[in-house]
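Asks: Quick mapping for you: the protein sequence lines, in order, are chains X and E.
Heads up: the first sequence runs through residues 0 to 468, numbered per numbering that gives the first Met the number 0.
Heads up: the second sequence runs through residues 0 to 468, numbered per numbering that gives the first Met the number 0.
If you are wondering where the hints come from, they were derived from the structure by calculation, not from laboratory data.
Any copy, or any two copies together, can satisfy a pair, since identical chains are not distinguished.
Each computed DSS-like pair below joins lysine-lysine, with the alpha-carbon atoms no more than 27 angstroms apart:
1. K291 x K172
2. K256 x K179
3. K423 x K464
4. K464 x K379
5. K194 x K179
6. K383 x K464
Keep in mind it's a predicted model, so treat the numbers as computed, not measured.
Number of protein chains: 2
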Amino acid sequence: MNKKDNILIIGAGLCGSLLALRLAQRGYKVEVYESRPDLRTTDISAGRSINLALSDRGLKALRLCGMEEKAREICIPMYGRLMHDTKGNTFSSNYSGRENEFINSISRGDLNAILLDEAEKHENVNIHFNKKCKNVDIENTIAHFKDYKTKKEFSINADVIFGTDGAGSSLRKSYVSERKFLFSYSQNYLNHGYKELEIPADKSGKHQISNAHLHIWPRGDFMLIALPNMDGSFTVTLFLSYNEGEFNFENLTSEEKITKFFEKEFPDALTLIPNILEEFTNNPTGPLGTIKCSPWFYQNKTLLMGDSSHAIVPFYGQGMNASFEDVVVFDEILNQDLGDWNAVFKAYQKARKHDTDAIADLAIDNFYEMRDHVANPIFKEKRKIEMDLEKTFPNQYFSKYSLVTFNENIGYYEAMKRGRAQDKALLNLISGDEVHTHLEMTKDELVVILERVILETNTILEEDKIAGM
Amino acid sequence: MNKKDNILIIGAGLCGSLLALRLAQRGYKVEVYESRPDLRTTDISAGRSINLALSDRGLKALRLCGMEEKAREICIPMYGRLMHDTKGNTFSSNYSGRENEFINSISRGDLNAILLDEAEKHENVNIHFNKKCKNVDIENTIAHFKDYKTKKEFSINADVIFGTDGAGSSLRKSYVSERKFLFSYSQNYLNHGYKELEIPADKSGKHQISNAHLHIWPRGDFMLIALPNMDGSFTVTLFLSYNEGEFNFENLTSEEKITKFFEKEFPDALTLIPNILEEFTNNPTGPLGTIKCSPWFYQNKTLLMGDSSHAIVPFYGQGMNASFEDVVVFDEILNQDLGDWNAVFKAYQKARKHDTDAIADLAIDNFYEMRDHVANPIFKEKRKIEMDLEKTFPNQYFSKYSLVTFNENIGYYEAMKRGRAQDKALLNLISGDEVHTHLEMTKDELVVILERVILETNTILEEDKIAGM
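Could you put together the complete structure from these sequences and hints?
Replies: Listed below in structure tokens is the structure:
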């Protein structure tokens, strides 16, 4: 393990470009190969603007690499959810009772571009586009590529290979096909897929609905969401079953039926999406999958990072944040001077795996919460109490959402364990009529609730611990 | 869906032969193809006797097919666990406080043989051996085979194909490779592998240690177990990490080290295994994997059953029982006259999947319980209370183990949910000093405990339900 090692990174997406930048900053020689064209010079998304939620864990990673400020310039803060019912009525629910806790809508392409720019400033980094990795000989650390432009195949022999090539990772597939070790692996699909649509900017280039919120149209079995873009538009995503329920992707095949579906379920959104029929018909329907695997590494030779090791569903807005946090954790392990890549990879997976497993599970939970529970009275009462507690005791109470999203110094696993226990305590106290809330809660009333919630949460954690022996 | 359909079953192991028998009894025409030679005429296991635990769910399936009595003739009842410590001391722990609740050690080969014999009595069943399925064209229900004897390849065109070809199922692999639908799939390996050894019969052909128990040598990070065979021998299985801890499969490479390991950890077992060095060196080390997947079926064409759809680790003694229970559930669905295979397959998976997922998880839990917790004082106290409750209130109290093993009319999922809640209630009552036990509990004392446990269990279930909304 030394600075002269030839490091090969497969994939120059968000995780790969941040990793390349960080390794370059640490003095490593890095060659990066990306299957797609350079997104800074090619319009890949064919006019569609894809955005993501950037929050504190991702920002911490960007800070580590000196990129926080540049990223903030292209962020649109979202302070809460704005729920839309079938009549077009809305109600909002903040993400936190604390000020300055919000998430950010950011363009995937723009963020990727500033990371590539910064990485390329380092002379010890070379990024090669249009080079698709076909497979990896993990024993000999040789990656085989095809050049999409010249159609020629070629191989790169490296000392260490990082696979940051996303959910369909060629390095991960080589772990399966080379059969060098027992590889635990799972791919789990929801019965729902997603389709992207667009609310364009108004004539003066402004957002037509609040750009300070993540919009949700929760409908139980399906939902629509919308995140704002810098150009005044919103990217809208429909999450819907492939083949179950009255309306689904398989049976929404005629213009009449699509229109009827939106008129009935999302009348206010329908008026804002002028090209609904064209977009619905032409835009692809994507699957929603969770990928977990282990081990992530092979000896001192290869390592999976980001989505290639832990692809998750988008419902906690944590996919990019989790991948960026991988780079932070990896960087901390590098600081320990463990001496060889195998020790580094082992320590990295040991430090990281339980956290990425946790965010994968939390993201599935949030699928049900967003499409359904957000409109449930007990859930709404819970959120109201949590906002009051966070506002009144900003240093003492943190909801599960806050623990996951705004507390980057707590791992996802810890956030999940404490957050779930807290949710369980609160939901049971509310449904058992043991805590009561009203519009203007006094601090004295809230102190009683806070103490009760903490006590119940700790009891739940303690009882779970004993039951798990 | 009619009796003239050509049904092809891939795999004539335990599940495949029972399924063939049942479908034949219902009047279907069945062709069965098996990759291995006929185990009734070939000694496949090369002298080793492999046994399994048969309990009430498996027996219910055998009863359905009129095979219970024949199977009972080759069963050895095991009434409880007999634990061995490092000094050779033993203590026993019954599986149930009720009489007539026990599990059975049975030879895999002998049981398979009587099922094949019975299936072949039906003229609408043909079983073909040495025919290895290479892959399946699921769209056209054509299975491609290689004959291991003639080395020739051939294809079978069927109306419906059942894959009962075990954990390495070729039908399941075709689901992945044909990419006709989104296939959720997981394979998860424990860090432990297993190796089989033998305690031979004594000179008069008798068992050298109690044949009424399943023997366990629990050692925390690893364990040894032994199940009796009809010929007076025991099949012993060592469960040990591949590469962690002081002793593991990777570093137990010298005769000195193997001997030292057994002398230190299993001195009493060592004296009973005369060929320890030869067997340890020559017998293969097998992996311990859990496989889950969904969907199990493709349209009205193919269905996975048994291990091919849900392979589990052996620690609950439920692998064969779960596969046999598949046949019972499938038979119940057939009784509903749903009209076409697609409706049958769909109803079958809907009725069955949550139960096979549950037993997979319970089997992993039991790995930790068997190798570790069985020697823990709180766990031992829990088991003592449960035995007292089952003995005193045989119709009111059922431990998790009893729910899973002896209550074949409750699904695994229900057994898991109630059983886990009950375990949690009891462990917390014991460790909180809220229930007390002594050698001679009176019925009045036990009534108090029973009511307390039921109350706590129901509270836990209720609170979990509210938290899950």
